[in-house]
Structure formats: structure tokens, C-alpha cells
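A.B. asks: Taken in order, these protein sequences are the chains called D and L.
All residue numbers for the first sequence refer to our numbering, where the first residue is 1 and numbers rise by one.
All residue numbers for the second sequence refer to our numbering, where the first residue is 1001 and numbers rise by one.
Certain hints may be false.
Every beta carbon over 12 Å from chain D, so not counted as near; a handful from chain L, in silico [unchecked claim]:
1. MET1001
2. GLU1035
3. PHE1045
4. LEU1051
5. ILE1057
6. LEU1060
7. VAL1065
8. LEU1071
9. VAL1074
10. GLY1091
Label-pair distances were calculated between CB atoms; the ranges are [unchecked claim]:
11. L:ALA1081 x D:ILE633: 46 to 56 Å
12. D:VAL653 x L:VAL1066: 36 to 46 Å
13. D:VAL653 x L:LYS1025: 18 to 28 Å
14. D:ILE633 x L:ILE1098: 38 to 48 Å
Which residues of chain L face chain D? A few of them, derived with a C-beta cut under 7 Å, are [claimed, not checked]:
15. VAL1018
16. THR1021
17. ILE1022
18. VAL1095
19. ARG1099
Just so you know, these hints were derived from the structure itself, not from any lab.
Just so it is clear, CB atoms sit at the ideal spot from N, CA and C, and this is done for glycine as well.
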Amino acid sequence: MLPYAPWIVWALPIIIAFTHPITERISHRLRDFIAVAAGFVSAIFAASMIPDIIAGSIYLDGVYHDIPFDWILARWIPVDGIEVTVGVIVDSLSVFMANVVAWISSFILLYSVEYMHGDRGITRYWMLMNLFIGFMELLVLGDSLITIFFGWEGVGFASYALIGYWYTDEKRYWIGPYSPSHAGMKAFITTRIGDVGLMTAMLIIFIYSGTFNLIELANNIGWAVNLARDGLLTITLLLMLLGPIGKSAQFPLHEWLPEAMAGPTTVSALIHAATMVKAGVYFLARFTLVLYNVAHMADGLGPLLNSIQEFYIAVTFIGAFTAFLAASQGMVADQIKKVLAYSTVSQLGYMFTAFGVTGLLIHHQEAFAEAYMTGLYHLLSHALFKALLFLSAGAIGHAIESYMLKDMGGLRKYMPKTYLLMLIGAFGLSGIPPFNGFWSKDAILHVAFSEGYIIVYIVLAATAIITVFYTFRMIGLAFFGEESEHVKHLIHEGRKPHDPGIYMLASLYFLAGGTILSGFLIPNIGLFFSRNFEYLGISMEILSEIPAFTTNFFTTTLLSPLFIVALGIIVVGLYPSYRIYIKNVVSPVEVVGEGLLKKIWIFLYNRWYINAAYYKIFVDGTQWIADSIFSYIECNGGGNLLKSLYTSLSNVVRRVQTGYLRVNMGYMGLAIVFIILYYLVMG
Amino acid sequence: MVGYSLLLLSALLIGIGVYITIAKKNFIRILIGVEIIATGVNINFIALSALKHRVLIDPLPHAIVVTSIVLDGVLVGVGLALTLVIYRKFGTLNVDKIRKLRW
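Please work from the sequences and hints to get the whole structure.
C.D. replies: Rendered as C-alpha cells:
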């Protein structure tokens, strides 16, 4: 480990963020270089922690520390009885996440150099990007709920500012009826609702435990026992779940993510692949480790175990439902980035389901370890292929200056490299073997099926079919078929769409390589996590019998009967989109027709009317309250009363102001006399 | 007893100053009154230190009063400049005629 690696990983991008206004004065190239270099240096520091985790201990100041290692550097809020420390936690989970975040975001930064070139306000862009990454690293490395919350809010702020990056709201940046600044505000407010729940739960836990530290929470389970005794554990856990739901855009707080596309595409990629939405999943993974300890130390306490069970049932169903909900909307989206946004919500639903199932298996060590890893595999796969897809979409947008699917078509001829790279991403997303999405998605389905959660399995399998369909619909609409009017117009003007330059391609190649290869790293990642599982009491002997932790993983996956189902899913999803969008045998308008399908189409296009309902209730409702307060209290009622009161009062009082200097001096003299008299009388 | 006599002197000066500011109409005279009040206050400061230590030995109030006297000079400068501006604007220095700040 490089010295102070876990600190530098998050501190460096945050510090560098504030140097951009200075370096900008020297040279724009220097500023861009420093911004990107900060990302890569931070990533190298993150990578330097991997060997220590594999070795199983961390050498610091002459002492070997066990993993998980809670590295406390300073006291932060020392109030009597309460102590909040500044610390980082170094274990398999945090190092894994730190590397995923750091490397993917570094390549997104590299991509930005070309993509954002010439945009005004780019210093602000670099500042916010570096801040975004730094806060995300703080979130994944923080050792206490407070530290995590600090990063959590920082990420929330940076995402707000970056979604609304084009705050002048030119019409071409709008997503549907929403301007970028509106979209940023929507994201901020929606996630804030979740954060209120998270903060409440944090404080309740603090009242019961007296600590925010995650390791102490895992080791002293008195708080959970007492909460369960008072009947508050379920509600506390559910409040806590609101935070991840908001951040990871799960139902019912999922509506902000599609609008989050209003920012630059690099920002979308960062939000979707590495930062922001992964925060909720990470938090769930982190807290699952705590709850595992709690459940095992409190064996036999019925209400406590029931509460944990209820919590994970909620996670499972929210995840599975969201996966289906968002995927169904992705089928009809009209913007390439929106398709990807819906697919992110859907894939996050898969991860939530994986962790929900994990929590339900908390008493079966083997199944717990297996299910836990599936969620993280999918997190890694999704981070890679979604960053690739978004950045390819950005390359298209860069070339044709539009993100509407109807403005594309026939781009395969003009952008062959982008086409191939995006196809790799699409293979990952739709889970076509041997790309990474197949292994991780199949692992989730496999766990759900083999542990007997058949309903979950069916929902997820149906979602997988839809996923394949909309992925290839997107590819077909963008790269196949006739050129659209827009593309023809561009060619006519002499601005033929072309592949991006070296910076953008380099990032795309890296991510494509990751999408192809990361699936084969699954057993290694499983072993990487063995440190955390050993700490939980799941020994290596148990782990080595689980296929997901050995190279048997690939053969068992391919030989299981579920592989046939997985192939079936791909065929069923691929066939219609191949015929409709790639070969153009039948036109989509004919398929939809005028009957029931049209009604479903309208229902899906309007996002199940959830968005409209939210606007009706919350936005219009707040507006209505504000209007009534304005017209009845401010203007006609209280306002007038106050006005007349002050008018009559001032009519009396202002007679004191005569304008004669001598009168004012007389008042002063009188005041002196009174003061002297007062002291003479009072002594 | 030097303290008490000084205290009396300062009270007298402040009283005279306040009387001038109330009774006189000419702005320059009022300025003189203000200066007399300032002098009274300075003497008051010395007087209180003398009362505390019985004799005039504490250097701190003296130092502060010297500063204050310097600032009084500045005050006169600003006051005269204001006088000039007021005369240019209103054509008179009679404060009874300058009543823009009334209700």
C-alpha cells in the first residue's frame, strides 16, 4: 500500500478540485491535465491497496492490522460522551468499490477532455467532476455513518450541479418537457427525500448505540436488541432503506434518474456507472455486513430476526418491481440516453434484489456468501458496460449533435468503431455469453431460483427478456436502417458523422476490454472478498465449496439447466427487435397498431403515469399551498393588517423627528440627565 | 483630590458643549460645541484614572487621550468639510433652515 493510500484516494480529487480556478489562469491544457491526472493518481493509490487485502493484513507503523482495518486519524466532533472520528475503513468491500469508482471515473475524465472541449464554463465542470469523484470515494471508504453521510451529501450536491450544468437551459439540452436546471433540482429534491429517512435512521441508531462507527455497530449489537425490544427496528431499517432507494433510483423514488440525462453525457456516465447510483447499492452491501453480524450474535431473538427478515423482503420486492417497471419503460423511450437511464434503474433493481435475497439467506453461510457476491459482480459488470454504452452514446451525440433516436439511423457506415464498441456494451447489458453481464445476471437469477424465490426469478427473467429487446432496439434505431432526415441534412452540409478522436476512443477501448474480460474475473473477486467473509465467520473451507468462488463457476453456470433458459431469454428478446429494428421487416408503427398494444405503449411512454402523479401531487400541491398562502395570508389577510398597524404606529412615532438639530440635542441632554439621575438614585 | 476637580471641569465642559449645540443656530458654532464636548470627555477619561489611582500615574489613559485628541483634529477637518458642502447646497449655515430629515 502506498503511504496514506485510503486517505489520498478521496482527498486528492477534492483538493485538486479547488485548484482549477488557479491553474486555469496559467493554461487551459494544464488545468485539463491536472484534472485527469488527479483521477488517475487517485486510481493508482486505490489499486495499491489491493495487494494488502490479498495478503490479509495491513502493515502500518510497525504493526500488522487485521482486515477490516478501521484507520482513525483524528477526532472530529468531540462532545462529551459522543465521539465522532475521522476514519477510513479498509476491507475487501471498500477497496473493491474504491477501485471500481476510481478507474472508471478516471477514464470518463480522460474522455471528457475531448468531449467537453470548447465548452464554456469548463473549469466549473472539472471542479464538480473531481468533487463528485472525491466525495464518492469518501463515501465508500468512510468508516462511520457520519463519514458516509458526508460523502453521500457531497455526491448529491455535485450531481445536482452537474445535471444542471447547462443552466442557461438552451432548448437542445432539454429532456422532454424538462430543462437542465429543472432536472437538476428534481434530482436533488427526490434524493433529499430519501436522505431525510437515512438521517433519521442514523440518529435513531445513534441514540440507541451511542456510536456511528460501523465496526462498533457490527460488534456491539445492543442497539439492535433494544430497538427490537421497543418495536422500532423494522421502521428504523425501512427509514434507512429510503436513503439507498433515493440514491439508487428505486421505486418509489426512481423518477429523477431519466431527467438526470440533461447534463453532459460524461456526467450521465459518471452518475450511472461509477458514482451516485452505486452509492445506494454500496450502502446496502455495507449494512448487510453489519446486519449479518447482528443476526448471528443475536441468535434466537425472534423479533429482531423478524425485523431483519421484513427489511430484506422489502428490499427484494422493491428491487424486483423496479427492475420490471423501468425495463418496460425503456422499450418505448425516444432518446438514446433515456433508454440507457431506464436500463440503469432496471439493473439497479437487479442489484437490490440480489442483496434482498442475500439478507433473506442470512442464516445459511454458503448461500449468504454466494448471494452477496452476485450483487457485487453485477455492480462491477454494470459499471463497466454502462459506462461504455453511455460514452458510445456520447460519441454519437458528439457526431450528430442530437440524442433523439429518430435523428439517428444508418450510422454503422459512418461510425464503424463506435458501432462495434457500443455493440460490446449492448452484449454486456443484454447478458449474451461470454460478456460480463451474462455471468453476473445469470448468477443473480441462479441464486434466486436455487434458493426457491420463484416469483423473483420469474420477474427478473421477464425483465431480462425486455432488456434484450430494448437494447437491440436502441442499437437498431441508431446504427441500422435508413439514415434519418437529420443525418442526411448533416451529410448534405458536409458534416459527415465520424468516429471520435483518440481520447474518447482510448476510454471506450478500456471499457470495452473491461466488459469482455471482467466476467472471467468473477472467482478472483470472490476470493478477494474472502477476507470480509472470514471476519464474519465464514471460513475459506466453506467458501471453497461454493462454485462462485472457484473456477468451477463457469462450468456450473454453463452446464446448469438455467443456461438453456438464459439462452431462451436472449432468443425471445432478440428475435422481435432483430426483425423490427435491425432488418426492418415490419415497421414498429404497424406492430403497435391501434388496439391494446397502442394503449400499453401510451401507458409505458407516460411512465406508468407515476411521474405525472408525482407532479400533480407534490409539485402542484406545493404550488397550491404557496398560492393560497400568498393570496390569503400575505396579500389580503395578515399582510394588510400588518401594513395598517405599522402605518398608524409610524404616524405617531415619526412626529419625534422634527428636523431641528436643537431638539435632537435636547433629547441627548435629557438622556444624559436621566442616566445620571438613575445612577444617583439606584446607587 | 485632583480627580474630583478634573471631573468637575469635565462635567462643566460637557454641559457648556451641550448648551452650545442646543442654543446656537450657526453650524460652525455647533461644531465648536461638539469639540468642547470632546474635550470634556477626554478630561473625564483622565479624571477617572486619577480617581482610581489617587494620582496621575497611569500612562494608559494618557496615551489613549493623546490618540483621541489627534482624532478630534480629524473630526474638525471632516466637520468643516461638511460645513462647506452644506453651505454650497443650502446657501446658509442656519441649522433651523436645514430641515430635510424631518417627517
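A.B. asks: Of all the hints given earlier, name the ones this structure violates by number, lowest first.
C.D. replies: none
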